[in-house]
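J.: Sequence:
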Amino acid sequence: MSRYNVTETEAKWQAEWERRGSFRASEQPGKPKYYVLEMFPYPSGRIHMGHVRNYTLGDVVARHRRALGFNVLHPMGWDAFGLPAENAARDSKIHPAKWTYDNIATMRAELKRMGLSLDWSRELATCHPGYYQHQQKLFLDFFAAGLVHRKEAFVNWDPVDHTVLANEQVIDGKGWRSGAPVEKKKLAQWFFKITDYADELTDALEGLDRWPEKVRLMQENWIGRSSGAEIRFQIKGRGDRITVFTTRPDTIFGMSFCAVSPDHALADELAKKDARLAAFIAECRQSGTSEAAIEAQEKKGYDTGLKVLHPFIPGRELPVYVANFVLIEYGSGAIFGCPGHDQRDLDFARKYDLPVIPVVLPPGEDPKTFAIGDTAYTETGTIFNSDFLDGLDIETAKKEVGRRLEAMQAGHPTTVYRLRDWLVSRQRYWGCPIPVIHCDKCGVVPVPDKDLPVRLPDDVSFDRPGNPLDHHPTWKHVDCPNCGAKARRETDTFDTFVDSSWYFARFCSPRADVPVVREAVDYWLSVDQYIGGVEHAILHLLYSRFFMRAMKRTGWAKIEEPFAGLFTQGMVLHESYRDESGKWLYPEEVKKLGDGGATTLDGGKVTVGRREVMSKSKKNVIAPAAIIDSYGADTARLFMLSDSPPERDLEWTEAGVEGAWRYINRLWRLVSEPPAVLPAPGAAQPKELSQAAEQAWRLVHKTIAAVSESIDALRFNVAVAQIRTLSNALEALTGKGPGEAWVLAEGLRILVRLIGPMTPHLAEEMWATLGGSGLLCDQPWPKADPALIVDDVVKVAVQVNGKLRATIDLPRDAAEQAARDAALGAPNVVAAMAGKPARKVIVVPNRIVNVVV
RNA sequence: GCCCGCUUGGCGGAAUGGUAGACGCAACGGACUUAAAAUCCGUGGGCCCGAAAGGGCCGUCCCGGUUCAAGUCCGGGAGCGGGCACCA
Numbered sequence: 001m002s003r004y005n006v007t008e009t010e011a012k013w014q015a016e017w018e019r020r021g022s023f024r025a026s027e028q029p030g031k032p033k034y035y036v037l038e039m040f041p042y043p044s045g046r047i048h049m050g051h052v053r054n055y056t057l058g059d060v061v062a063r064h065r066r067a068l069g070f071n072v073l074h075p076m077g078w079d080a081f082g083l084p085a086e087n088a089a090r091d092s093k094i095h096p097a098k099w100t101y102d103n104i105a106t107m108r109a110e111l112k113r114m115g116l117s118l119d120w121s122r123e124l125a126t127c128h129p130g131y132y133q134h135q136q137k138l139f140l141d142f143f144a145a146g147l148v149h150r151k152e153a154f155v156n157w158d159p160v161d162h163t164v165l166a167n168e169q170v171i172d173g174k175g176w177r178s179g180a181p182v183e184k185k186k187l188a189q190w191f192f193k194i195t196d197y198a199d200e201l202t203d204a205l206e207g208l209d210r211w212p213e214k215v216r217l218m219q220e221n222w223i224g225r226s227s228g229a230e231i232r233f234q235i236k237g238r239g240d241r242i243t244v245f246t247t248r249p250d251t252i253f254g255m256s257f258c259a260v261s262p263d264h265a266l267a268d269e270l271a272k273k274d275a276r277l278a279a280f281i282a283e284c285r286q287s288g289t290s291e292a293a294i295e296a297q298e299k300k301g302y303d304t305g306l307k308v309l310h311p312f313i314p315g316r317e318l319p320v321y322v323a324n325f326v327l328i329e330y331g332s333g334a335i336f337g338c339p340g341h342d343q344r345d346l347d348f349a350r351k352y353d354l355p356v357i358p359v360v361l362p363p364g365e366d367p368k369t370f371a372i373g374d375t376a377y378t379e380t381g382t383i384f385n386s387d388f389l390d391g392l393d394i395e396t397a398k399k400e401v402g403r404r405l406e407a408m409q410a411g412h413p414t415t416v417y418r419l420r421d422w423l424v425s426r427q428r429y430w431g432c433p434i435p436v437i438h439c440d441k442c443g444v445v446p447v448p449d450k451d452l453p454v455r456l457p458d459d460v461s462f463d464r465p466g467n468p469l470d471h472h473p474t475w476k477h478v479d480c481p482n483c484g485a486k487a488r489r490e491t492d493t494f495d496t497f498v499d500s501s502w503y504f505a506r507f508c509s510p511r512a513d514v515p516v517v518r519e520a521v522d523y524w525l526s527v528d529q530y531i532g533g534v535e536h537a538i539l540h541l542l543y544s545r546f547f548m549r550a551m552k553r554t555g556w557a558k559i560e561e562p563f564a565g566l567f568t569q570g571m572v573l574h575e576s577y578r579d580e581s582g583k584w585l586y587p588e589e590v591k592k593l594g595d596g597g598a599t600t601l602d603g604g605k606v607t608v609g610r611r612e613v614m615s616k617s618k619k620n621v622i623a624p625a626a627i628i629d630s631y632g633a634d635t636a637r638l639f640m641l642s643d644s645p646p647e648r649d650l651e652w653t654e655a656g657v658e659g660a661w662r663y664i665n666r667l668w669r670l671v672s673e674p675p676a677v678l679p680a681p682g683a684a685q686p687k688e689l690s691q692a693a694e695q696a697w698r699l700v701h702k703t704i705a706a707v708s709e710s711i712d713a714l715r716f717n718v719a720v721a722q723i724r725t726l727s728n729a730l731e732a733l734t735g736k737g738p739g740e741a742w743v744l745a746e747g748l749r750i751l752v753r754l755i756g757p758m759t760p761h762l763a764e765e766m767w768a769t770l771g772g773s774g775l776l777c778d779q780p781w782p783k784a785d786p787a788l789i790v791d792d793v794v795k796v797a798v799q800v801n802g803k804l805r806a807t808i809d810l811p812r813d814a815a816e817q818a819a820r821d822a823a824l825g826a827p828n829v830v831a832a833m834a835g836k837p838a839r840k841v842i843v844v845p846n847r848i849v850n851v852v853v
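Here the first sequence is numbered in our numbering, starting from 1 and rising by one per residue.
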């Protein structure tokens with residue numbers, strides 16, 4: 001028996017595809033294009049199962065679209081800048097570039113063994129000057145267009161490591177590596193003005209109808225548009241005002257205090273003359289920003305002694321506090337407090353004994369007796385205790401207050417956003433240098449285009465904490481391009497999210513000496529199907545949407561939305577194992593028992609943990625390379641596609657892999673050792689088909705239709721099930737009856753094309769064995785014969801009072817009367833009706849008859 | 001706290017409001033084999049009646065509703081998971 005030789009076969013076809021350049025893409029005006037993209041990997045060292053799943057999903061789409069006649073672009077690259085390379089440099093004395101390029105070489109080789117239909121000629125790495133020089137150019141264009149600014153901002157500062165930390169790197173208020181309490185420090189940083197697009201980025205979400213609803217919602221919440229009013233309160237005895245943002249201007253008559261953030265300019269000013277206030281502010285800055293810290297933290301305030309005047313109540317003065325719960329980043333960094341209708345304000349008012357005046361009356365409450373207890377009232381109601389607002393509903397009152405504030409020039413309706421400008425400066429070496437120069441005379445001077453790229457120096461050391469670019473003896477010292485005086489290079493590099501915000505555009509013209517070639521991006525973009533993990537639902541996908549708009553503004557593209565279709569795949573899970581001492585064990589270090597338990601290889605006790613995301617720390621990882629070594633890429637691909645719907649998490653199981661492996665061998669046996677001699681391609685269809693052959697032939701066509709639909713909807717697990725149903729039926733053909741050998745041969749030739757996107761190597765091999773000409777990957781997608789996908793006789797269910805009582809055979813599209821008569825004549829139906837007359841009979845053609853008695 | 005999603009056999013999962021459990025995994029019974037692996041055939045939601053053929057009742061997290069008909073639609077609740085979070 002000829003066993004399927006995976007290793008040889010897969011290598012053979014991979015070489016053949018590469019030799020022919022089967023998946024090279026080029027612009028072909030007039031041909032419909034299709035751009036399939038999976039989120040490019042970070043070169044961490046090895047390919048992991050998450051990658052395998054991601055790229056397999058994308059490859060099915062790419063190969064299917066190719067077969068449908070689309071001009072497909074399916075590229076691959078490397079998100080190659082980032083911190084792990086610097087850590088490796090520090091810990092193992094390997095240069096970040098070497099570490100990164102070595103990893104890329106390893107991972108590229110691993111990826112190539114998966115048989116992906118990628119255009120490798122377009123490969124790019126973001127750490128290559130050939131990529132990042134164009135990023136620098138884009139930055140300069142954005143800068144010139146006013147989309148970039150430099151400003152002082154509070155950042156997380158690690159006083160031990162001497163570096164800024166991202167929010168994600170602050171755990172419980174402490175630096176993730178040093179463990180030192182993080183300080184909020186004001187530093188000059190570079191920002192992209194993503195907030196300029198806050199409205200547009202929100203509004204355009206609605207048009208992204210091929211994005212998951214969930215991701216659109218997350219982005220909407222993240223941008224956090226909320227409308228309300230700005231109110232400017234006059235400070236008593238001073239010329240200036242405090243500007244406050246509120247979503248509840250209707251509760252203005254319930255106001256009992258004003259509060260500003262400890263980081264507010266007014267607090268700063270007052271602290272200069274008030275040591276106790278200065279101490280209070282310092283204390284506020286100390287305390288952590290973590291969830292737990294906030295939860296535990298009490299509302300605290302410091303009475304500045306200042307008073308503000310109520311805009312609508314002459315003579316009413318209200319105290320001004322500096323309060324720890326007011327955020328400088330949101331709104332104007334100041335609030336008015338209405339304790340009756342805001343829980344935080346209520347907590348604060350109770351602590352400092354401030355008045356609580358209810359101004360929204362819940363429906364059915366008596367205005368004379370209604371009072372606020374420990375819970376602020378935030379629901380709907382009627383305004384009272386509020387002069388000219390009395391009796392109005394909340395929405396009307398908001399409008400009225402807005403109108404009056406405007407008339408008094410004391411405020412106006414406005415919209416604020418949770419979204420903040422994107423801080424892109426990082427005090428890191430392994431990133432794209434920000435191409436500006438600081439000159440004492442000229443200020444910030446952009447690096448002239450002719451001096452690009454600003455290259456990273458190779459000779460850096462990592463033996464000191466902080467930014468190696470800053471420590472470099474010569475790199476930062478340059479002459480001002482403007483005045484020629486001694487000046488200093490910017491030593492910050494870009495956040496790596498900048499690199500990934502436009503790589504999909506660079507893929508359209510990856511070797512161009514400009515960031516992108518307009519004809520190429522105009523032809524290929526937007527990405528028709530983008531596939532990746534949901535963990536990028538906000539940052540990467542939002543930044544890319546901003547970048548596309550910025551590129552349009554600067555003339556590099558004509559569209560706003562980079563990704564027309566988005567699919568977020570589930571994660572790959574595996575059981576975890578621990579031995580008696582609690583040490584994590586790799587799956588290959590345990591022996592599985594039949595009852596779901598496990599032992600160590602020498603019989604020791606093992607605790608089987610729940611299935612969770614594969615992670616190195618828990619050792620519940622399976623190396624893709626090992627799976628490909630023993631089962632081949634097609635097996636891994638088939639298992640991942642068939643076991644779970646792609647959007648859900650997938651549990652990796654040895655048994656499931658075995659199942660996929662068995663199926664591949666079974667298909668191969670059917671093709672290599674068919675039960676009868678198979679007619680060559682093109683043989684005419686026999687005039688007569690046995691009943692079995694006829695049925696199988698109909699199933700072939702039904703399967704074409706069903707699989708096409710399933711793949712189109714990315715329901716690959718269903719597509720695989722449908723193909724298996726077909727192969728089960730073809731397998732049952734003996735090849736002896738009239739036409740059976742022909743149906744078997746033609747059915748297999750179609751089956752091979754249907755499974756081609758999923759198990760491409762096996763499909764090529766079967767195609768060749770079946771005498772197909774050319775490569776399978778160049779074959780068009782099969783077409784279903786509409787006449788064959790409907791049966792002449794259909795099974796119709798018969799219900800009595802909604803309960804199934806019989807199944808009857810009827811000619812397709814039988815007349816209603818005929819269906820009714822047949823249904824009422826079925827013995828079980830007669831019995832179930834127990835002699836009662838049918839009150840009503842519902843006939844759904846070709847499906848069901850329901851008799852109501 | 002706010003927002004969102006999910007819940008179907010032992011397991012992964014199928015099912016345009018129309019025969020719940022396709023397809024597979026694990027399991028069990030059998031064939032082949034000295035034996036095992038591989039392979040092949042068969043059984044498979046629960047309970048009940050029947051020797052069998054077959055039939056009955058219950059069943060898609062819980063409670064209620066709409067409908068001739070609900071896993072699917074609507075209202076309420078529980079559990080699990082995710083996102084955001086002192087956002088005024």
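In short, the hints are calculated from the structure, not lab data.
Please note that a few of the clues may not be correct.
[Stated by the list, open to error] Ranges between beta-carbon positions, derived for each pair:
no.	residue 1	residue 2	range
1	584	15	36 to 44 Å
2	395	791	54 to 62 Å
3	612	786	46 to 54 Å
4	847	121	50 to 58 Å
5	610	102	50 to 58 Å
6	15	610	53 to 61 Å
7	802	626	24 to 32 Å
[What the hints assert, rightly or not] Within a straight-line C-alpha distance of at most 30 Å, the following computed DSBU-like cross-link-like pairs (lysine-lysine) qualify:
no.	residue 1	residue 2
8	476	486
9	803	31
10	803	836
11	273	351
12	214	558
13	98	803
14	184	351
15	486	151
16	31	112
17	151	137
18	552	450
From a predicted model like this one, the values you see are computed outputs, not experimental measurements.
Ideal Cβ positions, reconstructed from N, Cα and C, are used throughout, including at glycine.
J.: Each hint needs a verdict: does it hold in this structure or not?
T.: Here is what the structure says about each hint:
1. 584 / 15: 36 to 44 Å: 39 Å, holds
2. 395 / 791: 54 to 62 Å: Since the Cβ atoms of residue 395 and residue 791 sit about 59 Å apart, the hinted range of 54 to 62 Å holds.
3. 612 / 786: 46 to 54 Å: Between residue 612 and residue 786, where Cβ atoms are some 47 Å apart, the hint holds.
4. 847 / 121: 50 to 58 Å: 52 Å, holds
5. 610 / 102: 50 to 58 Å: Once the Cβ atoms are compared, 35 Å apart, the range 50 to 58 Å for residue 102 and residue 610 is violated.
6. 15 / 610: 53 to 61 Å: 42 Å, violated
7. 802 / 626: 24 to 32 Å: 53 Å, violated
8. 476 / 486: Satisfied, since the Cα-Cα distance of roughly 10 Å is no more than 30 Å.
9. 803 / 31: Answer violated: residue 803 to residue 31 is near 53 Å, above 30 Å.
10. 803 / 836: Distance of about 16 Å is within 30 Å: holds.
11. 273 / 351: 26 Å, holds
12. 214 / 558: Between residue 214 and residue 558 the Cα gap is close to 27 Å, so the pair holds against 30 Å.
13. 98 / 803: 70 Å, violated
14. 184 / 351: 27 Å, holds
15. 486 / 151: Answer holds: residue 486 to residue 151 is near 23 Å, not above 30 Å.
16. 31 / 112: Since the Cα atoms of residue 31 and residue 112 sit roughly 28 Å apart, the hinted pair holds (cutoff 30 Å).
17. 151 / 137: 21 Å, holds
18. 552 / 450: 23 Å, holds
The structure shown violates the earlier hints numbered 5, 6, 7, 9 and 13.
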